[in-house]
Amino acid sequence: MEKARLLDKGLNELSDLLDEMAKIAEKTVSASIQAYLEGGDIELQVRQWSDTLINYNNQVGEKAVELIARYQPVANDLRTIRACIEISYNLSRFGRYAYDISTIHKTIGGRGEYGREVVSEMGERTMKMIKASIKAYRTRDARLAEEVSEEDRIVDQLYFKHLRDCVKNPPRDVEQLITDVLTVRHLERIADHAVDLASSTLYMIKGEKISKLR
Amino acid sequence: MSSGYKIETRNLQVGFGKLMVLKGLNLGIRANCVTAVMGPSGCGKSTLIRTLNRLNDMVPECHVEGQVLLDGEDIYDPSMDVVELRRRVGMVFQKPNPFPKSIYENVAFGPKIHGMARGDSLDEIVERSLKAAALWDEVKDRLDEPALSLSGGQQQRLCIARALAVQPEVILLDEPCSALDPAATSKIESLMVSLKKDYTVIVVTHNMQQAARVSDYTAFLYLGELVEYGETRRVFENPSSKLTEDFITGRFG
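Residue numbers (my numbering), protein chains in the order written: chain W, 573 to 786; chain C, -12 to 240.
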C-alpha cells in the first residue's frame, strides 16, 4: 500500500525538470550536428538552449539539496536524487558540447568533404546513444542503460580511427583538419556523457554503476 | 567462541502466553560495533534486546526457545548466573531512570553491590564512568546533588555511566533518545559511537535517521522476523528487501 509522502512532490518536480532538459538537450545536439553537415548558422539558437540547460541544471541542484535537507531521503529516494543531479549535469554538458560544435566553423572555418563521413556516422551513433540513455532513464530500463556503453565502444573506435587517418593522410586544408578533429572530439565527449547518464540511471535502478572495463 | 560474534541468536523464539513475538531469529552481533535494531511498533525490537540480558525472565508467561550465545555461551543455560550476565550485558532505557539518590551514589551503586570496589577506587570508578559517559565535566563539582536535579539529557548520560560502572561488555539501549531534545540526542549519539571502542553497543530505535547516523550494522525486524540485516550504509542506500525499502522511505501503511 503506497501512501502519499511530502518527498514525492519534490521528486516529481525534479523529474519534470529533467524531462524538460532532456527534450532541449536532444534537439540541441541534433541541430548542431545537422548544421555541421548541411551548413547554416545556428550558433545563437544553440547558445540559448545551452544556457537554458545550465540554468535548469542549477535548479535541479538547488531542489536536490533542499530535498536532502528537508527529508533526509534514503534507499531508492536517495539514489534517485543522486542520479538526478548527475543526469542533469550530463544533459547540460550535451548542450555545452553542441554549442562548441556550432561555433567551430565560425571560429576556424573549413567545412568540407574530408571528415563528413565520420562526423555523420559518429553523429548518428551519438544521437542514438543520447536517445537510448534518456529513454532508459524515463522507463527505468537497466538493460537499455547497459547497451549505451556498448555503443560507446564503437564511437570511441571511430574517433581514434579518424585521428590515425588524419595523421597518416592529412587533408591539405589545415582549417578543415582542425574543424573535423574538434567536432569528432566533441561528439566523443557527448557520447561519454551519454554513458555517464546511463550509468547514473543504472545506479538509480540497481544501486550499482556501469563498470568501466574498457 | 566459534562464530566470531559477540552475541548470536539461533532460531530464537520468544512469546508471551499464546502470542509469539519473535519467530525464529538468527542474528549475529559483532563485537565493538554499534548495531541498530529498527522496525515498526510491535515488531519485537524491545523484546529482542530484553531477551539478550534475560530481562524478560521477570515477565510472567514469557517463554524463550532457541539459543542466545554470549561469547559462544548459552545465556539461557541453567548454569548461567543471571546477575553476572546482567553485569556483562548492561541496559539503558527509553526514559531516564536514575535512582532517587545522589549523582555519585547512582554510579557507585552497581560496583558496590557487585563488591567491585571500596574507598578510593570507588571514586575512580565513578570518575572514569562519568567521563566515559561524557558527563564528568558537567557534574564533577556537584556529585552529592540529587540525580533527579539533572536535565533529562544529563540523567540519560548518568544512566549510561551507571551501566558502564560495572564494566560490562555489551550495552543495550532501548530508544535512549526518544525522551530527549535534539542537543541531548546529539550528545548521546556521539557517545554511542565513542563507546564502541570498548563495548559492543546495541540500540533499538524508532528513529531511522538515528540508526543511519550511529550504527555500523542495521537489523530490520518486521512482525517478529528478521527482514534485513547488513552494513548500515548498504541498508540505507540500497536495501535488498522491498519491505525494508518501504519502511525506511516512509511508504509503510
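Hints are computed from structural coordinates only; laboratory data are not their basis.
Predicted, not measured: the structure shown is a model, and the values here were computed from it.
Quick reminder that beta carbons are idealized off the backbone N, C-alpha and C, glycines included.
Misleading hints may appear alongside valid ones.
What the hints assert, rightly or not - In silico BS3-like links for lysine-lysine, alpha-carbon gap of 27 angstroms or less: (1) 781(W) to 229(C); (2) 127(C) to 707(W); (3) 575(W) to 229(C); (4) 99(C) to 127(C); (5) 229(C) to 581(W); (6) 99(C) to 88(C); (7) 229(C) to 778(W).
As the list claims (entries may be wrong) - Residues from chain C that keep clear of chain W, each with C-beta distances beyond 10 angstroms, as calculated: (8) 53; (9) 67; (10) 82; (11) 195; (12) 209; (13) 214; (14) 224; (15) 238.
Okay, the hints, checked on the actual structure:
1. Taking the CA atoms of residue 781(W) and residue 229(C), the gap is near 20 angstroms; set against the 27 angstroms cutoff, the hint holds.
2. As the CA atoms of residue 127(C) and residue 707(W) are separated by approximately 65 angstroms, the hinted pair breaks the 27 angstroms bound.
3. The straight-line distance between the Cα atoms of residue 575(W) and residue 229(C) is roughly 15 angstroms, inside the 27 angstroms bound, and the hint therefore holds.
4. In summary, the hint linking residue 99(C) to residue 127(C) is supported, as the alpha carbons are separated by about 20 angstroms, within the 27 angstroms threshold.
5. Only pairs whose Cα atoms come within 27 angstroms are accepted, and residue 229(C) paired with residue 581(W) is accepted, the gap being roughly 21 angstroms.
6. Note on residue 99(C) and residue 88(C): the hinted pairing holds, with a Cα-Cα distance of about 14 angstroms set against a maximum of 27 angstroms.
7. Taking the CA atoms of residue 229(C) and residue 778(W), the gap is about 13 angstroms. The hint holds against a cut of 27 angstroms.
8. Distance to chain W confirms residue 53(C) as a non-interface residue, since its nearest Cβ pair spans about 30 angstroms, more than 10 angstroms.
9. Here residue 67(C) stays apart from chain W, with its beta-carbon at least about 39 angstroms from theirs, past the 10 angstroms limit.
10. Remark: the non-interface label on residue 82(C) is consistent with the geometry, its nearest Cβ contact in chain W lying 26 angstroms away (cut-off 10 angstroms).
11. Once the 10 angstroms rule is applied to beta carbons, residue 195(C) is inconsistent with being away from chain W; the minimum gap is 7 angstroms.
12. In this structure residue 209(C) is separated from chain W by more than 10 angstroms, as the shortest Cβ-Cβ distance comes to about 14 angstroms.
13. Separation of residue 214(C) from chain W is adequate, the least Cβ-Cβ distance of about 13 angstroms exceeding the 10 angstroms criterion.
14. For residue 224(C), the condition that its CB be more than 10 angstroms from all CB atoms of chain W is violated, with the nearest at approximately 6 angstroms.
15. Consistency note on residue 238(C): stated as away from chain W, yet its beta-carbon is not over 10 angstroms from all of that chain's, at 6 angstroms minimum.
Hint compliance for this structure: hints 2, 11, 14 and 15 are not met, and every other hint is.
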